[in-house]
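Protein sequence lines, in the order shown, are assigned to chains A and B.
Numbering-wise (the numbering used here), the first sequence opens with residue 1 and increments by one.
Numbering-wise (the numbering used here), the second sequence opens with residue 1 and increments by one.
Among these hints, one or two may not hold up.
According to the in silico footprint, chain A covers these stretches of chain B (three or more CB under 8 Å from chain A) [what the hints assert, rightly or not]:
1. 29-40
2. 142-148
3. 265-273
4. 390-398
So, partial list: chain B residues that the calculated Cβ filter (under 8 Å) puts toward chain A [said to hold, decoys possible]:
5. 74
6. 77
7. 81
8. 85
9. 93
10. 104
11. 114
12. 166
13. 217
14. 221
15. 225
16. 408
17. 412
Heads up, simulated DSS-like pairs for lysine-lysine below, C-alpha to C-alpha not over 27 Å straight-line [said to hold, decoys possible]:
18. 48(B) - 121(B)
19. 169(B) - 331(A)
20. 302(A) - 121(B)
21. 43(A) - 169(B)
By construction, these hints were calculated from the structure, which means they are not laboratory data.
Note that the Cβ used here is the ideal one computed from N, Cα and C, for glycine as well.
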Amino acid sequence: MLYVVITFLWTSILLYLLLGGADFGAGIIELFTSKGNKAVTRKTLYSAIGPIWEANHMWLIIAIVILFVGFPVIYSTMSVNLHIPLTIMLLGIIARGTAFTFRHYDAVVDDMQHVYNSIFAISSFITPLFLGIIAGSAVSGHIDPQADTFLSAYIFSWLHWFSVSVGLFTVAICGFLASVYLIGETQNEHDRLRFAHKAQFFNIGAVICGILVFTAAYVEQIPLIEWVFGNWVGRIAIVSATLSLIWMWYLLYQGKIGLLRPLAGFQVTMILLTTTYRHFPNIVLFKGGGYLSLLEHSGQEKTMQALGLALLLGSVFILPALFYLIYSFQKKPLEAGSADH
Amino acid sequence: MNDFIAARSQMALSLGFHIVFSCIGMVMPFFMAVAHYYWLKTDEIVYKNVTKAWSKGVAIFFATGAVSGTVLSFELGLLWPGFMKHAGPIFGMPFSLEGTAFFIEAIALGFFLYGWDRFNKWFHWFTGVIVGVSGLASGILVVAANAWMNSPAGFDHINGQYLNIDPIKAMFNDAWFSQALHMTIAAFVATGFAVAGVHALMILKGKNVLFHTKSFTIAAAFGCVAAILQPLSGDISAKDVAIRQPAKLAAMEAHFHTEKSASLLVGGIPDEEKKEVNYAVKLPGFLSFLAHGDFQSEVTGLDKIAPENHPPVAITHYAFQIMVGMGMAMMLVSVLYFLALWKQKHWLNSPWLLKLFVAATPLGFIAVEAGWTVTEVGRQPWIIYGIMRTADAVTPMPGIAYSFYLFTAVYASLAVIVIFMLYRQIKMVGTLYDKA
Numbered sequence: 001m002l003y004v005v006i007t008f009l010w011t012s013i014l015l016y017l018l019l020g021g022a023d024f025g026a027g028i029i030e031l032f033t034s035k036g037n038k039a040v041t042r043k044t045l046y047s048a049i050g051p052i053w054e055a056n057h058m059w060l061i062i063a064i065v066i067l068f069v070g071f072p073v074i075y076s077t078m079s080v081n082l083h084i085p086l087t088i089m090l091l092g093i094i095a096r097g098t099a100f101t102f103r104h105y106d107a108v109v110d111d112m113q114h115v116y117n118s119i120f121a122i123s124s125f126i127t128p129l130f131l132g133i134i135a136g137s138a139v140s141g142h143i144d145p146q147a148d149t150f151l152s153a154y155i156f157s158w159l160h161w162f163s164v165s166v167g168l169f170t171v172a173i174c175g176f177l178a179s180v181y182l183i184g185e186t187q188n189e190h191d192r193l194r195f196a197h198k199a200q201f202f203n204i205g206a207v208i209c210g211i212l213v214f215t216a217a218y219v220e221q222i223p224l225i226e227w228v229f230g231n232w233v234g235r236i237a238i239v240s241a242t243l244s245l246i247w248m249w250y251l252l253y254q255g256k257i258g259l260l261r262p263l264a265g266f267q268v269t270m271i272l273l274t275t276t277y278r279h280f281p282n283i284v285l286f287k288g289g290g291y292l293s294l295l296e297h298s299g300q301e302k303t304m305q306a307l308g309l310a311l312l313l314g315s316v317f318i319l320p321a322l323f324y325l326i327y328s329f330q331k332k333p334l335e336a337g338s339a340d341h
Numbered sequence: 001m002n003d004f005i006a007a008r009s010q011m012a013l014s015l016g017f018h019i020v021f022s023c024i025g026m027v028m029p030f031f032m033a034v035a036h037y038y039w040l041k042t043d044e045i046v047y048k049n050v051t052k053a054w055s056k057g058v059a060i061f062f063a064t065g066a067v068s069g070t071v072l073s074f075e076l077g078l079l080w081p082g083f084m085k086h087a088g089p090i091f092g093m094p095f096s097l098e099g100t101a102f103f104i105e106a107i108a109l110g111f112f113l114y115g116w117d118r119f120n121k122w123f124h125w126f127t128g129v130i131v132g133v134s135g136l137a138s139g140i141l142v143v144a145a146n147a148w149m150n151s152p153a154g155f156d157h158i159n160g161q162y163l164n165i166d167p168i169k170a171m172f173n174d175a176w177f178s179q180a181l182h183m184t185i186a187a188f189v190a191t192g193f194a195v196a197g198v199h200a201l202m203i204l205k206g207k208n209v210l211f212h213t214k215s216f217t218i219a220a221a222f223g224c225v226a227a228i229l230q231p232l233s234g235d236i237s238a239k240d241v242a243i244r245q246p247a248k249l250a251a252m253e254a255h256f257h258t259e260k261s262a263s264l265l266v267g268g269i270p271d272e273e274k275k276e277v278n279y280a281v282k283l284p285g286f287l288s289f290l291a292h293g294d295f296q297s298e299v300t301g302l303d304k305i306a307p308e309n310h311p312p313v314a315i316t317h318y319a320f321q322i323m324v325g326m327g328m329a330m331m332l333v334s335v336l337y338f339l340a341l342w343k344q345k346h347w348l349n350s351p352w353l354l355k356l357f358v359a360a361t362p363l364g365f366i367a368v369e370a371g372w373t374v375t376e377v378g379r380q381p382w383i384i385y386g387i388m389r390t391a392d393a394v395t396p397m398p399g400i401a402y403s404f405y406l407f408t409a410v411y412a413s414l415a416v417i418v419i420f421m422l423y424r425q426i427k428m429v430g431t432l433y434d435k436a
């Protein structure tokens, strides 16, 4: 049952990265769109993610519940040492979630829309940035259980080049996912081209941030190269992700959109697989070589059994309903702006 | 402000904020489903308009409730890591099920809000009902988790270790039923009266009277039925608390001295140093009856409980008085309303009844906040009753006061924006929903 729970944890994180990521990316694109095109971008993204918006973010809740029920030591350690980035991420989640809903459901359309829009776009950038910082910090070896000053315990645990570059990388990936997603959501050739350019822009951004991550790892003596390329799973994942990336660029160039989404999703999945495979079952690496492991720091057997059953039971209800929701609105997208009247 | 008080204040603030949104998010879908049902059955356009207007309220409240709930799930660890390290695996079962319920609610809401004219009309209606049912289920599950903190079960506490964990037993702890029942009914009372009050005000102002009358009738019916049922569940809760948490009951009633045939106090100002209550109205024997169903029985007072385990008496006592007072007031309004429906039809058209409802608009939520204060403050100094002290669970991180100020600012601005948006929704009823 422990492995069932771990599978659910990994899948929730992946789905949050893919679906929630595309969601964050939609706001990031808005931030990087010229004034004249903002309104169209906003409408397209609204009709694309409106109906599944709330569901996309449930994956985070599922992951957190799995952590605090199944792996309480990991959850509480991260809560203490990463208190500040977690709090900033939370503020981002609050700002984003409410601004998105407010701007759509405000009965009067006036200058308040600018306020909602700016809050939405800025928090869409901040939230994944800090999500990445948290993930980067967990494996960076900067968390020091023996730390005795405020700075070493609560600031240097997360504020360093490696985690910040992982944060930026996450932002670029979200922007990339969202632009690929939106290409298929518009019938207008001009907009489609615009989103394709955005996809290329964020893709290049992701590569640059990727190089930053490796550089920061080198400077901070984090053996990232060995983690990624030191085992056959990592090598295969990186090679196939690269090949699919070339294929995707070719398709983008040709203007074919059918396979774009699965390819983008595949690349992100491979990145997550590579970065998590080498550490498994460890999830938090401490300064000085200690670690917290999913296998050694899990709850007692009965807890894991109950949790596993609850998750299996939940997926029986959730997955079909979620697929039907996505399918229904894919088949016949909303007409932009007409969602509620 | 020290870090411990800051952490408690931030938790209280987050819960106090979330609870309003979750109550409305949990109950409004039922109002919506009733209006929607009338629309499908009668084809009267006003019901469709009411459904649509309410669904916007639900969307706003759901989104705000969902993010504040997400914040709470992180805050459990951010503020109380010592608690979560041990409690997570024990009382996590309702949270894992709640995740499912919440997820279903989000999916159903997607279908409902965006599904107008896209699906079979009864399927569409049904998704609205599912929003309500799954919301209700998640509310009950979260309360079951809180109940465990009041009535820990499903593990053995031996030498500081938490052994033989049984998550199912923990979920069905002794307090889950009475707490969940009381809270669920409270959500219906609070939301019913709040919604009815707003519509009553608009009727009095003579704006879109048909629209607001239909809305008022649905909300008032839910609120009034619940308000009449609530004292029954309150009685179940009181008897339960008397057995499980005598210290909490003693604090609620500012009952300093153990005695037989104890008096029920109405109002009064407790003096914790002199251990007496001034200016209270005493109803002899009624506390014994309330606690144990017998006018002669003995009720444990704070004198039988070690001083270091006393909850803050004054806050708990005032909060309890406020909750009961508000509940009684709403019950009275409900009785008048049903009397009007049943015998005195002409009352329904007289402004005084509507004015009563307008006056009662905030009472339900004041009662809900007061009730939570009783539950949470009355449990102190324990975070897990009798097992772990709240002070031992708090995060070691310094500077929580700043975090508290930050969240206070965020929640205050959110509250202002939501009120501002609701005001705009109501102002626009004539243009958007009631063109005829």
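Each hint tested on the structure:
no.: 1; hint: 29-40; result: violated (count 0)
no.: 2; hint: 142-148; result: violated (count 0)
no.: 3; hint: 265-273; result: violated (count 0)
no.: 4; hint: 390-398; result: holds (count 4)
no.: 5; hint: 74; result: holds (6 Å)
no.: 6; hint: 77; result: holds (3 Å)
no.: 7; hint: 81; result: holds (4 Å)
no.: 8; hint: 85; result: holds (4 Å)
no.: 9; hint: 93; result: holds (5 Å)
no.: 10; hint: 104; result: holds (6 Å)
no.: 11; hint: 114; result: holds (4 Å)
no.: 12; hint: 166; result: holds (6 Å)
no.: 13; hint: 217; result: violated (23 Å)
no.: 14; hint: 221; result: violated (26 Å)
no.: 15; hint: 225; result: violated (29 Å)
no.: 16; hint: 408; result: violated (13 Å)
no.: 17; hint: 412; result: violated (13 Å)
no.: 18; hint: 48(B) - 121(B); result: holds (12 Å)
no.: 19; hint: 169(B) - 331(A); result: violated (45 Å)
no.: 20; hint: 302(A) - 121(B); result: violated (44 Å)
no.: 21; hint: 43(A) - 169(B); result: violated (49 Å)
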